[in-house]
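Using the hints provided, position chain B relative to the given structure of chain A.
Number of protein chains: 2
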Amino acid sequence: MRAIAQDEFGGVEVLKETELERPKPGIGQVLLRVRAAGVNPTDWKNRSRRTTVTTPLPLVLGWDVSGVVEETGFGVALHAVGDEVFGMLPYPNGVGAFAEYVLAPARALVPKPDGIDHVQAGALPLAALTAWQALVDTAGLRTGQRALIHAAAGGVGHLAVQIAKARGAYVIGTASAPKHEFVRGLGADEVIDYRSVDFAEAVRDVDVAFDTVGEDIGARSLPTLREGGILVTILAQTAPALQPEADRLGVRAVPMIVEHDQQGMREIAALAEAGTLRAEIAGTFPLADVAKAHEAGETGRTTGKLVLTL
Amino acid sequence: MRAIAQDEFGGVEVLKETELERPKPGIGQVLLRVRAAGVNPTDWKNRSRRTTVTTPLPLVLGWDVSGVVEETGFGVALHAVGDEVFGMLPYPNGVGAFAEYVLAPARALVPKPDGIDHVQAGALPLAALTAWQALVDTAGLRTGQRALIHAAAGGVGHLAVQIAKARGAYVIGTASAPKHEFVRGLGADEVIDYRSVDFAEAVRDVDVAFDTVGEDIGARSLPTLREGGILVTILAQTAPALQPEADRLGVRAVPMIVEHDQQGMREIAALAEAGTLRAEIAGTFPLADVAKAHEAGETGRTTGKLVLTL
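Chains as they are written, first to last, in the UniProt record's numbering: chain A, 1 to 310; chain B, 1 to 310.
Next up, chain A with everything else stripped away, as it sits in the complex:
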C-alpha cells in the first residue's frame, strides 16, 4: 500500500511516499481503507523530533481517520466489512492514517453519520475529542456555566466553542480581531481580542477555562476563575507550575492529553449528525501533498482543519 513514512525526524523533506506491506488485522482490530485523514499539530511535532511516539522508526503519522472497513480481525462484532466509520487512532502509535490502509482497535471507531462526508469526518476526531474530554469528561461543563475558550478560532478551539454551546454554557472566546466574526458564527457569546484586551483583567467568574495555547495563558487564566473553577490545559507541562497559585485562589489547574475514546466519538458523531458540531475545513490535499499540508499547518495562519484525502 502507499504510505507516507519517515525514517528520521526533521523538516517536511523527511516525509516520503513509500510502498509498505498492507497490515493484517489482529484480535479486535479493524483494517480501514482510509478515505480522509486530518492533520494535527501533533503530526508536525512528531515529524520534527521524538515527541510522544515511542515506537521505533520508520514512522507513519496520522491519528485522525475516516474510511471504510476493509477487513475485520478475530472477534470484531462492532463493525462489518463495508461500514463507513471514523475515529481517533491510539496515541501514541507508530503506524498511522497517512496511508491507504490503517489498523484500528474496533472501539476507536464509530459509524460515520450519513449526513457528513469523509473530509468532515476525518477532520473531527482528535480535535473534537480533545475538546470533549477537556470540557465534559474533565471539567464537567454544564448548562449555565461560563466557559473561557482560548484560541477560539483554532483547530481545537473552534470545536470547543461549539461543544460548550451544545452543553448550554455561556461562552467567552479569545481570538485576533479578523477572526471574531468566525468565532461569533460558531455561537460564542463574547469574543475578546487578546491583542488589545488583557483577558486576565477583563474576564471574571469563569467556571471552566480551556488552554490549548500554552506560554503564559494558563497562569493568566487562573484569576478569571471563580472559586472552585477549573483550568484544563493540553500543555500538560505547564500545569504543575500553576499549582501553588491555583491552590491560593481555590481553583484547579488540570493537564490533559487526548485519548482514543468510543464514548466521546459517539457523542461527537451525534452532534455532527445533528448539525450542532462542524469542523471548519481550511484545505484538503491529496496524500502525496502531505508536505504542503504540514507547511500550511505550521504557519499557524490557517483557520480550521487540514485534511488529506485518498
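Keep in mind that the hints are not guaranteed to be accurate.
What the hints assert, rightly or not - Here are the simulated lysine-lysine pairs, BS3-like style, with alpha carbons at most 27 angstroms apart: (1) B:Lys45 - A:Lys24; (2) B:Lys179 - B:Lys24; (3) B:Lys24 - A:Lys45; (4) B:Lys45 - B:Lys292; (5) A:Lys179 - A:Lys165.
Rather than coming from a laboratory, the hints here were simulated on the basis of the structure.
Please read these numbers as outputs of a predicted model, since none were measured by experiment.
Structure of chain B alone, referenced to chain A:
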C-alpha cells in the same frame, strides 16, 4: 514489585512469584496498586500455550483489576492519585494484573462504586464486559425480547442473565439441574437442564442467543432464533462454519471478542452500584496462591468468579 510471571507455557508450575521492576506510567497511563484481580478462562488458556497474547515472554497474566491509583502519567485528567478504580486491561497485553502494580490506559478504568468492595470490583470487568458487549453492543438486546443464555451459571453467563434482565428481556438460561436455583435467583424466567432437555427442540422465537460454551451449542442455537434473530458467540472460530445455515434460516451468527471499554465499564459500574449486577464469588486467594486459583478454575466445577487479593 511482586508479580506472578511465566517464562514458558505449560501447567500451573510455570507460574512463578518473581520480583519485577515497578513500571512507570507513560502518556495517558495510570499506575495502579492492585487490590484484587479476577481470574478468567483466558488466563489459564494463555498460561498453557500461546493463545491471544502476542508480547514476548516473560508474561504476567491478569486482565481484571480493581485497585488504587498510585501514579498518573503525562496528561491523565480522568483519575487522580488515591482514586479507587476498576476495569479490564487491554487484551491482549503482556503485563497484567497478577502483580502488586499494573499499568492501564486511563480510559480502561472507571471509579469503583463505594458500595462494592475490591473483590467484587475485581471479579466483574472482563466477564461483565463480555456479556455487555455481546448482548447490548452487538445484539442490541431490548425490552420484551427473548434471550437464550447458555451456561447461565458460568462466569460470563451469570452476569449475562442479570444484564439481560436489567435490559428488560425475557431470559431463558441453560444450566445443569443443581444450578437451577442459582440461575433463577439471578432473575432467569426459565431454566433448561441441557442434560435432560434438547434446547434446540424446546426453545423457539429467541431474539438473542449467547454462546460462551462452543462445541455444537452455536449450531444448535440457530433453529431457536426467530427470523432476524442473532447468535453471538465468543468462540469466534465457530461462527464462519455456521454462516450457511444462518443464511438459510434468515438469522445472524456473529463472533465477538471482548475489548477494554470505558463506556461499557460505566454501565457495569452503574448496575453494580444499583445492586442490579453482582458477581458470584467462588473463592478468593492471596496472590501467592495463584496456582490454586488456576486449578480451581480449570476444573470447570466452580460457580462464579475466582479472585486474587493483594
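Evaluated hints:
1. B:Lys45 - A:Lys24: 24 angstroms, holds
2. B:Lys179 - B:Lys24: 45 angstroms, violated
3. B:Lys24 - A:Lys45: The given pair, whose Cα atoms are some 24 angstroms apart, holds under the 27 angstroms limit.
4. B:Lys45 - B:Lys292: 15 angstroms, holds
5. A:Lys179 - A:Lys165: Holds, at about 18 angstroms.
In the structure shown, a violation is registered for the earlier hint numbered 2 alone.
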